[in-house]
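J.: Position chain W relative to chain R; hints supplied.
Here the protein sequences line up with chains R and W, keeping their order. With the numbering used here applied, the first sequence closes on residue 1100, and no number is skipped along the way. With the numbering used here applied, the second sequence closes on residue 615, and no number is skipped along the way.
One thing to keep in mind: the hints can contain errors.
Distance condition first, Cα-Cα at most 35 Å in a straight line; then the derived DSBU-like pairs of lysine-lysine [what the hints assert, rightly or not]: (1) Lys311(R) to Lys572(W); (2) Lys731(R) to Lys627(R); (3) Lys50(W) to Lys331(R).
It should be emphasised that the hints constitute simulated quantities derived from the structure, not laboratory data.
Given next are the chains, with one letter for each unit.
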Amino acid sequence: MKTAKTILCLSLLMALPMNGYAQSEDDAAVDTTFVRRVRKTKKVEPTREITGRVVSQDKHAPLAGVLIQSVAGEGYSGLTEADGTFTIKVPLYSSAIDVTIPGYNKVRVGLNKSGRLNDIVMQSDAARALYQDDDNIMGNARTKNFDFSNAINITSEIENQLGADVRTVQRSGVSGIGAYMQIGGVNSLNSNAQPLVVIDGVITDMQYERNMLHSGFYNDILSNINVNDIEQVEVMKNGTALYGSRGSNGVVIIKTKRNRSLATRIDAVASVGVEMIPTQIDVMNGSQFKNYASGLLQSTGTRLQEFKFLKPEIVNGKQYYWYNKYNNDTKWADEIYHEAVTQNYGLSVQGGGDIANYMLSLGYTRANETLKENNMNRLNIRFNTDIKITDYIGVRFDAAFTNTTRKLLDTGAPADYNNGAVTSTNFLAYAKSPMLSPYSFVPDATTGIGTISTAHLDIVDEDYLSEISSLRNGNWQLANPLAIHEYGTAENKNYYDNSYVVLSITPEWKPNKHLRISSLFNYTLVNTNEKYYVPLNGVPDYYVAALENTMLNEIGSLYGKQNSVTSDTRIEWKNSYNAHNISLLGGFRFMNESYSSNNQSGYNTGNDKTPYINNASNKVNDGFNEKWATLTWYAQANYNWKNRYYVQGNLTMDTNSQFGRDAKDGIKLGGVKWGIFPSLQAGWVMSNESWFHNKTVNYLKLTAGIDVSGNDDLTYDASRTYFASHLFLTKVPSYVLENIGNTELQWETTKRLNFGLETKMFNNRLFLALNYYKSWTDNLLTLRELSFLSGIKQNWSNGGSLENKGVDLTINAHLVSSNDWNWSVGASLGHYVNTLTALPDGQDYVDNQVLGATVRSQVGSSINSFYGFKTAATDNGTIVYATSAEAARDGLYRKDASGNITYFSAGDVKYVDQNGDGEIKASSVASEDDRTIIGDATPDIYGNIFTSLSFKRVRLDVGFNYSLGGDIYNYNRQQLESGSRFMNQTTAMLRRWTYEGQVTDIPRATYADPMGNSDFSDRWIEDGSYLRLKHVTLSYQLPINNTYIQGISVWVRANNLFTLTKYLGADPEFSMGNSVLFQGIDRGLLSQGRSFNVGVKINL
Amino acid sequence: MKTYRKHFAFMLAAASLMGVTSCSDAWDEHYQGTGMDTASDAPTLLEQVKSNSSLSGFLKVLEATGYDQVLSSPQMLTVWAPAISETVADSLIAVYRAERSAGVRDDDNSVISQFVQNHIALFNHSVSPVMPDTILKMLNGKNLAFTSTSLDGMSFSDFEKSSNGVFYTISEPLNFHPNIREYFQINSGYAGAKFDSIYHFIKAFDKYTLDESSSVAQGIVDGRTVYADSVMRLSNEILSSYRSFIQREDSNYTFVAPTNDVWATQYARYSAYFNFPTAINFKDSLQNRYTNEAIFQGLTFNNNIQKSEQDSVVNTMYIDNYLKWGLNMFETPWQSGGIYAGLDSATCSNGRILIDDAGKIDPRKTFFYQRSIMANRSNYYWMPKTVADVPEDKGTMTPRATYSYITNTDEDGNVTDTAFVFDNIFNNFFIEIASTGTGNAEIYYELPNTFSGVYYNVYAVMCPAIAANPKATDAERLPVKFQVYYMHRLDEPRKKKNNEKDPNEDVNYPASWGSALKVSDQADALGYKDASNAFKTIADQVCIIPIDIARQTTFSSYNQDTYAMRYRFETKVKSSELDRTWNNHFRINRLIYIPFDTEEEAKNFNLSDLNDYQN
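With the rest of the complex left out, here is chain R:
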């Protein structure tokens, strides 16, 4: 093992490049084949002698055998003696040396004038590595440590390890559903604001805009990549001009593992975990619900005096037949959730030699969700090879296949109740009446008394309000979630199947050691098949307002296929001329994409045994076929002098078939418009200056840059005028003008300025990296109103601008460093401020409606602020009028559509009457509007806190993440505390206003809420700050020294152990959709539960 490590170190040492460009494609391990050749050609340079001593941190004991090497180039190296001292010769222009020895983190030392260095203190590699191969002048964040992770999707680890560099918000608790990511603030209003993802050099479409059938679900392409297969994740925040019109939201570069072992090596990993039931909001019990429902009847206008569900147990002297039906105390959450087991197995084989290197991995993941009848199965295979055909010609061939299937049901609170039944089982677990049983109610065969029989599920539509005819079409009935499980689960009902195929071949030619020409050709296929089914049994008939009809059930299917072909040909050249290091890169990338989708839906399939669209009525069959292509010319030049002064220039020229042919910016070439995206980055490694002689500061780097990048996430057909086929009067095929294309449509443009600082101090025990940026985005994609004469309401255009400024900071301290004990602590912090600076056509704001909320983007404020009513304090300090007298004194009122006035009374919420006219009104006319900005989902700061403690072979890693200052619109709670529908409510509703003089913060319950007490207001805006103990990992490397077994590690890991928050939802971390607009709106998707995992990793 030691031998292997030494060889590895040597290889690294020899191959250490000056490092060129950011998206460096070369790989140290692979390049070993070129080492010998390189060594032969080394020139002789004037040198000077450097002396010093290397000691270990714990005892300040000298370290022998430490490799010392100049960063100026290969060949200038030496080893320390037994007393830790060394003397090596380095070129005169050499400004730093790297010091490495297995078991310790690499150290870089700037060379002073005298050549006599202070003692170099090595820190155990139990702490985070501080020095990378290059000086990283763009401030890219990198991580490659996923050994003891049970993550199904790499975004979990990005969140854990790069929390401030990428604002990462897990979408929900669904396994592998991934996270909403954001780099450098929010750089778009209506377009994608998530980073570009580059996997093994291939730009991969994340299908952010593709709709799925199941509410709460998103088909995250990243979940097709097994985390065990990932070598490194690199986050590119600056200099993204290299990615041209796609770079403005930052870039996440993922590299999968390649062989790095000369010997054949087999790794087996297995882990098993259990996820606990996530936090549940307390909801009312059976009797509390009856109390609530019986009170709510008062406001339905019913004149009935008797209701079956309220009758006492004894009626007319005998047991009331229906009593047992309506007097249960079902804890629906107990029926819906379970502790879920997750299993993950992986096997990888890698090896090779001079000719060929390969890495073959096979993985299987089975993750049950805490929500029953939801799970994920993933099988993945990856085969990465590097083949050397001759000394000059090589080829890289990669193939990967992943198949993911899921049992999948809707999650989250419904957007409305007018167009379907509530089918989200996790919402039903809250809302379903607890007085009802999931099981059937039948007369006892002998006594005749009605009893609950657990032999069968209750599939009868809820009937406890059937006496009130006025509630018809109100869809007040809720489904039995257990019946949805029973009758809605099958491969032809609610199911998801995704196949991901990647084939990549990259021939390369290296005519000499300076030049490399390569051409990547990639084919990626993503095939998605989703089935959706609402069963008949147990789901009430529901009124569909859009069809003006009552429907019995629903069926849907979606088939989506994306074919991506990428060709990326580049030429790279690099050389050093003494102190001058130069590398150049130029290339051409062509991408051809097509996405086709077919979507079928219908109603009333007849019965649950025939879930076929053929049987359905009101069938709708639609789909689309989108094809687009991009062409990119790119170039990059790097120069550094003495590893002190770095300059990097990028220039990219980009076009996309979705751009309008008359785009305002860019240049016209070959009949299409090209965007031009330049950038310039500069860095100064101050600690490599010969005058820099500071015992405290070991490393200091300053960087700055400016770049221009774009966002080409245009609506596919926005720049084209087209007709769509319709059935005129439902009979005659006809074509209708659907869009008037804006031929001037173009990319959004972001200019970014960045400043960075990175330092290591106190014998490299303190690390600090800071990145400040300010960006200006203009040509925002916005909807423009068209003249009514056109027949089209609006189309997309470029207009408006916004700004972001922010900072990310990472700090890490190695507090205890000894042979046995190591302890380090660190934190990262991200912060940004986003300001909308202009909107087109002189608009002051744009509003969007999301789940009852008005999300306003106002010039001068952060985009996507929550805009609603503000509540006011009443005399008693709460927001609810305790007395009629006070309400009458204030005289606030509402006016309905007919102009009838209703005054607020005791038990109603007191809203701020912004314009003082007495009427509380939401209006598009500013002078009549009483709404105001009531919140903003943007957090003030976010990031991680992490610590590692190790003792010998035992290691404890603890990671927190946090987000402070962001507001959340708690839609889920709004649904459960509106007191306006016959569905179960949270226990907070127990203190709803029920009597004159009651001092409470919860208004009275009124059917359909005529006074708008539950309107979008600051009642539902909450502080979403949280601090979460995200993971705790305890690992142990068994002391094995065996011919066959190289090593065994075992680990246990707990995730999401606790969350400190004032937030009143189950989980303050969620993202209900990929649009910027949807952030900070809690729809009550499946929340993340605690999980505990045990794993073993065996190296053969």
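T.: Structure of chain W alone, referenced to chain R:
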């Protein structure tokens, strides 16, 4: 180094605490609601009753009637708990148990409906000083005036919150306001009570029926369905039939209630009208029922539909068509002689009762009125087969009769000279009966809904030929001459003599009839008879021919399918006169028949007093 460690410890602590104070506090504060008023942990309504010693009597009644369960259930209610003595409570309980053991369902138990439910209302009703006065519906359906300080005029205590509602105490029980029906119940069954007759009449029709669709079948035992839950629905056919929903709280009626004496008097008089032949099953029961209905049917006046009570009122049997005849409508009820005038009244929860001790309702306005039949209605006529040219598909008894509409324009749209007929006969419609060839035409009519023991005047409204055909030839326009025979129903079938051909035999009619009696022998003061005592029409004129005057009846056919009065019309035209002096086409619009109590009244009746004369 220590300094740095301190720094880090501080940073860690700061990061942990930044803005995030105790999380569970916020959660608990919100979901457990600490520090706020709530009713959910307050005592239940039953516990409120129990905790007040002055309510021990009320508690006793609640416990005895099972309402303790109701007041401890989660259902939202408001209770006004009266302080009643244990003695009062005991007596109420005794009544409750007595009714119960008599088989009265709890739903109908007077202690529950008149006492317990009279003090409980659905939902939360707390009061505030600024609330407007309103009406509150109690569990028994009674609507009581509710102000911030009183219910139905009774002051109540400050309310107390309960986990299942709002609780008040009152010093004594609230009055029970009976509705009209309950008023009859209360004012019957004791010496001096005035409304036994009407109460018992109504009550007799109370019927509980099983609502099968709402009931739950348990299984079939011995061939009969056994129900696990039987939902019984109470209905009252009489109240529904006469739209007299005096048992409902959401209506507002004036009920002219005959006292027992009036009821008896009217019963004696009206029962004579409903004497049915022995062949009619349950003839006595029918007589009793129809007599009572005759008294009852016109008594209910819905106050919500009266246009102006000072001018006129209509009872619930009134329909707009009656305006022409004045049926079920009473002019100036409050003026002297009016039906409301001079009557004592009693206020009820759903209106008022006017105590009628004088028999104010004139039966001629309600049931004893002039009737008529349309001559073309096949229920009422038929023709002997021999006379008719019967289309096969019409069956054997269909006459060769032609239905004609009267028009006031000809084919070219010109106004014809028949305008004097148009809109002057009922429905602009008549039937024309013609014989084939030169024979005489013949038609039979029977009068439905006739009373027994009264004297009927019967009139035939005859149309001229030009009524439907302005271009009628002279021959067609000739008047018709006919004779009429009357037959009455026999109590017992007449025994047929051997080989006797019964001229009245009717294959469709099982009953037997008395001998045909030629009615045209009677005198005619109006000139519709010729010298041979045959009736005759007058050409080109609508004739209302009094075909029978003061015909006394034996049996009633009220509400029966078989009738007691029959007339046979037969033309009396010699072949030599045919189409020269007379023709033999009947053109009849309808028959009108008016009952009279005495022969004298009938004979003195003036045709000009005929209702609806023009039509």
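J.: Are the hints correct? Go through all of them and say.
T.: To see whether the hints hold, each was checked on the structure:
no., hint, in the structure
1, Lys311(R) to Lys572(W), "violated, 77 Å"
2, Lys731(R) to Lys627(R), "holds, 30 Å"
3, Lys50(W) to Lys331(R), "holds, 32 Å"
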